[in-house]
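Work out the full structure, taking the sequences as your base and the hints as a guide.
Okay, here's what each chain looks like letter by letter:
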Amino acid sequence: MSLAGWALILVFIAILLLLAKPMGAWMFALYEGRRTPLHPLLGPVETGFYRLSGVDPAAEQDWRRYAVHMILFNLGLLLLTYLILRTQAWLPFNPRGLPNVAPDLAFNTAVSFTTNTNWQSYAGEATMSQLSQMVALTVHNFTSAATGIALAFALFRGFARREAAIIGNFWADVTRITLYLLLPLSVLFAVFLIANGVPQTLAGSVDATTVEGARQSIALGPVASQEAIKLLGTNGGGFFNANSAHPFENPNALTNLFQMLSIFLIAVGLTWTFGKAVGNPRQGWAILAAMLILFLVGTSVVYWQEAAGNPVLHGLGIPGGNMEGKEVRFGIAGSALYAAVTTAASCGAVNAMHDSFTALGGMVPLINMQLGEVVVGGVGAGVYGFLLFAILAVFVAGLMVGRSPEYVGKKIEAREVKLAVLAIAVLPLVILGFTALSAVLPAGLAGPLNKGPHGFSEILYAFTSGVANNGSAFAGLTAATPWYDGLLGVAMWIGRFFVIIPMLAIAGSLAAKKYVPAGAGSFPTTGPLWIGLLVGIVLIVGGLTFLPSLALGPIADHLAMIRGQLF
Amino acid sequence: MVRSQSLFTADLMIPAIGNAFRKLDPRALVRNPVMFTTAVVATLLTLLLAVGDSGLGRGFEAQLVAWLWLTVLFGTFAEAIAEGRGRAQAESLRATKADLRAKRMLGVGETWELVPAGWLEAGEIVLVETGDLIPGDGEVIEGVASVNEAAITGESAPVIREAGGDRSAVTAGTRVISDRIKVRITAQPGQGFLDRMIALVEGAQRQKTPNEVALTILLVGLTIIFLIAVATIPGFAAYAGGSVPVAMLAALLITLIPTTIAALLSAIGIAGMDRLVRFNVLAKSGRAVEAAGDIDTLLLDKTGTITIGDRQATDFRAIGGTSAEALAEAALLASLADETPEGRSIVAFARERHHVATVELPADAEIIPFTAQTRISGVKLGGSTIIKGAVDSVLKALSQPPFVSSEVESRSRGETSLDVARNERPGESELRRVTDEIARAGGTPLAVVRDGRLLGAVHLKDVVKAGVRERFAELRRMGIRTVMITGDNPLTAASIAAEAGVDDFLAQATPEDKLALIRREQQGGKLVAMCGDGTNDAPALAQADVGVAMNTGTQAAREAGNMVDLDSDPTKLIEIVGLGKQLLMTRGSLTTFSVANDVAKYFAIIPAIFAALYPGLAVLNVMGLTTPQSAILSAIIFNALIIPCLVPLALKGVRYRPIGAGPLLARNLGIYGVGGLIAPFVGIKLIDLAVGGLGLA
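Chains as they are written, first to last, in our numbering: chain G, 1 to 567; chain Y, 1 to 697.
Just so you know, the hints here were simulated from the structure itself, not pulled from any lab data.
Keep in mind that the hints are not guaranteed to be accurate.
To be verified - In silico BS3-like cross-links for lysine-lysine, where the CA-CA straight-line distance does not exceed 30 Å:
#1 K208(Y) to K411(G)
#2 K411(G) to K652(Y)
#3 K380(Y) to K284(Y)
#4 K411(G) to K284(Y)
#5 K652(Y) to K514(G)
#6 K461(Y) to K514(G)
#7 K208(Y) to K652(Y)
#8 K411(G) to K526(Y)
To be verified - Derived DEER-like restraints, expressed as beta-carbon distance ranges:
#9 V297(G) to G693(Y): 48 to 56 Å
#10 P311(G) to T43(Y): 44 to 52 Å
#11 I14(Y) to R162(G): 53 to 61 Å
#12 V144(Y) to R162(G): 48 to 56 Å
#13 R282(G) to A466(Y): 39 to 47 Å
#14 R64(G) to R520(Y): 32 to 40 Å
#15 N100(G) to T627(Y): 58 to 66 Å
#16 R64(G) to N489(Y): 32 to 40 Å
#17 L445(G) to G693(Y): 54 to 62 Å
The beta-carbon is built from N, C-alpha and C at its ideal position, and this holds for glycine as well.
Below is the structure:
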């Protein structure tokens, strides 16, 4: 570990804290449906879209309609994607004459992009036609991110509104978020990336002569634009197979820092939006603080473990940290932080290979995801997931001060507890269930590359990444099989929508409730005590379930490494 | 009166143990899903043990099974002992009820027939004479009697029950000790107060309260999550090339699911109701007790709650050249026949302060009694008329007969009756000024008039009860706003409110104002508590979230409230709020404790079951438990024994301190959260040493 490494981590956090309020305020305007400085430019586009589709943005929906419209929208996009992938051989923009995508892979990929997971069981350049890339996949980078943020808005409205039946208009939310948030941010970020040498061209490749005199064809493309939304929307599906480790995606340390910032940017801002929406920005800061504490602890462990390196190699006379699978231009701190950020935020972009991390260094990304992607989390999904934990925390804590529990002015009762537990239980059920199945059935056992606990970690990581809608791969697992394609597809779908439906039901239930002003008898949900309680609940309720699986995976792996045994 | 009872006595324990076994009935057990799961696991392991050995040794497995069953039994025992505390009381009540006989009126003259009380229908009329027990809840429609209500309230001093007014309600099982009354029965058979009380103390008709339901859902959710965590372990173990014996998985599951709080949950609820009963408050539902903990606004009647209720004379304010002595003498004369506390205090004050010598009225004195119409009282003696009363009442009386003589006097002074009506009476403005001053100081002015001449006013002062100020400060720390309700004018009300330290007041309050205030508070999301006894309080009692009716109150009030205070002590609302908070706090604290325990249990069991697969995992055995078997046994024993250890806490409740929500949370989180993390590490280690020492595993 070095001073520069820690400085990077602290600077990163400091910049985020500075950006939280302006980002949050911008999104609050969208949440409220207020005009923004971009309205003179983009307003006509928005109204034109409504006129074209027959949507009345002022006609708000109750939670059921909101949920149905959201599902229909996503299901429609899923089917369209599946159809395009299955028929790409007969469709235009297929210069390399690629065949139709196999059913299991097409299903897996369609679900993956719809659910904001961007798990990729394929190598893009060898599988997807240009049409598939542009129409079938890239569009999801915007729609799945906008869906997540819209859902967070819906939940905020549940908390903020009093005795209301409606929680917003899904179409208006998605349109505004895409037009006034995702699009302009993507443009800005893409320009920044281009300035740093990231290619943005329609040319397929460039030929170069190497130092040795050999001729090499280097792939190019509209990288910068895709890179921007990949990170801002916590999508994570890279243009190149090497993702953000590739110099054309992430050329230098500065772009590396900005990439990490852009992964967290919207999710961090949304916590402020939440606070503002419920009338007290400090409520949002408290949530952000709890998230960042969990994040900082995790990041420190990764950095410490990666910097400490592998004692077996040290024994062989190779000192230093663990550089296996890392890019020299980012170093250990830049890679460790990136791994923590991308898994904390359900992004899944990588600038180093997590499989090559030390056992405990690789365990932190795993835990980040197993906690339900609530440590900052994906755009929208992070904050609504965290609020589910907040509901449980407030329930227990409220009882401890002798009051029936309330949070930001809403009583938390049996219905909210039931729905929150339901949403939270989905994760362990699917992650552990599917991992256990894959750990005993031959189809599953065929997947992992390594033996022993490391192989187990590979399976566990895949399902964790899928259910948590992260999409990062541990690598080492051969996932392009009907078993994994199918099961991971199902896992991603459940992990996204089986959390969303109970969450929206909570939003509806809360919106209908009376406002209960906080009195001296209700404990403040803004102070350090509350932040500590949130951290505790997330770890105990969200994390304790996974302890046996972690013990048999990365912990066993780590202990074996100490004893000189590698897998 | 608070009845105390020690927690564990033989006559409580023995039936409780029997009942603990009786409660193993699956139909009863299924109401508690976590304990039901434990029982199912215990049953399966018992069957497995009967079939054969799974490789861990029969002795070990038999111990495991035994401790699993004990876990379930400790849970049912906790509930049984909580119920047992109320049962003794219920039995004596039931005996009272069984013996009740009624003299049912036949509707012809004064004839009656003797029938069992259980035959009485609502609307029938019974005769109750000296020495009889009142056979059913009802209302006195004829007569006055003193009644001993000790059977219900535990208070042996008799109370007066009379037809009409606010003291007409009588309760079954109480004894008439003098006179005779006729009572119209108001309760249907089996639905009387006595029946409700029996059901309440026994916990027979106990329904889960909303908060209990929510907590149960959370516990079920945690059970499901841990069920998933344990059920997937065989798959993981298989991957590692080994297997985990079923008995060990069962032990892991039972230690992880929140058995501690689940076992104590219903005991906490029963004990909470029981505490109220011991406090001589009957809650009609557990929901009301929970609501008490959430109260934001407390409505308190001034008289009897904040002030002593009897106003005392503290000053004589003479006007218009009248000497204080003359005023004092007139006031004394007007009050000698006045037997009210106010009247007596005027007499006493006139004698002590102004040394008025008159001891009694002359024989020819004619008393003017207080009536609801005139609202004045006084005396006529030797051709002189003295009256006293509220300022407006006195002025009104002066302009009407029999005070026409004053009109004659004024006419002789050259004034017309028109002038009298139009102009002020001499000294009236000065009287107004004086009485306003009295009101502003929190007092009630009484005007005194002699032969039509305004002499001045008596300052009657409301005396604020000792210690109420401190209680309101305590309530403020609890986060509760107090509102004083009074019929006084705003000036008097404001002054008393300031003296007593209440947060707000409602002056000149009518029952409608009271109801409107409650509605307004509730509209703003506040929960409101109030107490009352009169029939006109009934709508407000029904509207309030917690309505405590005084036992001395009318039947209508007792029906409208959701609690009845048998001691009829309005200040008890404060304790009721504390009890409600205590109930919720006990639940929350034990839930936190139960969940926090899981960390240590993981550290005990995970290395025990996985070290065979990966020997390196033995380092997770931070407690240094001797063998895997001993580790598992110790964890399961700790998990079982913690239940009876916490029974006293569950029954007594976590102590509530009015120190504000933040510090309270910090305190409980420290004790039950951090304590819950640490305690099992210590406990399991100690049990492991004992298990090793005894050679159990």
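These are the hints, each one checked on the structure:
1. K208(Y) to K411(G): holds, 18 Å
2. K411(G) to K652(Y): holds, 27 Å
3. K380(Y) to K284(Y): Violated. K380(Y) to K284(Y) sits at ~54 Å, over the 30 Å cutoff.
4. K411(G) to K284(Y): holds, 23 Å
5. K652(Y) to K514(G): Distance ~34 Å between K652(Y) and K514(G) Cα, so the pair is violated.
6. K461(Y) to K514(G): Outside the cut-off at roughly 43 Å; violated.
7. K208(Y) to K652(Y): Distance ~20 Å between K208(Y) and K652(Y) Cα, so the pair holds.
8. K411(G) to K526(Y): Given that 30 Å is the threshold and the Cα spacing comes to 11 Å, the pair holds.
9. V297(G) to G693(Y): 48 to 56 Å: violated, 40 Å
10. P311(G) to T43(Y): 44 to 52 Å: About 49 Å separates the Cβ atoms of P311(G) and T43(Y), which means 44 to 52 Å holds.
11. I14(Y) to R162(G): 53 to 61 Å: With a Cβ separation near 55 Å, I14(Y) and R162(G) satisfy 53 to 61 Å, so the hint holds.
12. V144(Y) to R162(G): 48 to 56 Å: holds, 53 Å
13. R282(G) to A466(Y): 39 to 47 Å: Since the Cβ atoms of R282(G) and A466(Y) sit about 42 Å apart, the hinted range of 39 to 47 Å holds.
14. R64(G) to R520(Y): 32 to 40 Å: holds, 33 Å
15. N100(G) to T627(Y): 58 to 66 Å: Cβ of N100(G) to Cβ of T627(Y): about 60 Å, so the range 58 to 66 Å holds.
16. R64(G) to N489(Y): 32 to 40 Å: Violated, since R64(G) and N489(Y) (Cβ atoms, about 55 Å apart) do not stay within the stated range.
17. L445(G) to G693(Y): 54 to 62 Å: violated, 45 Å
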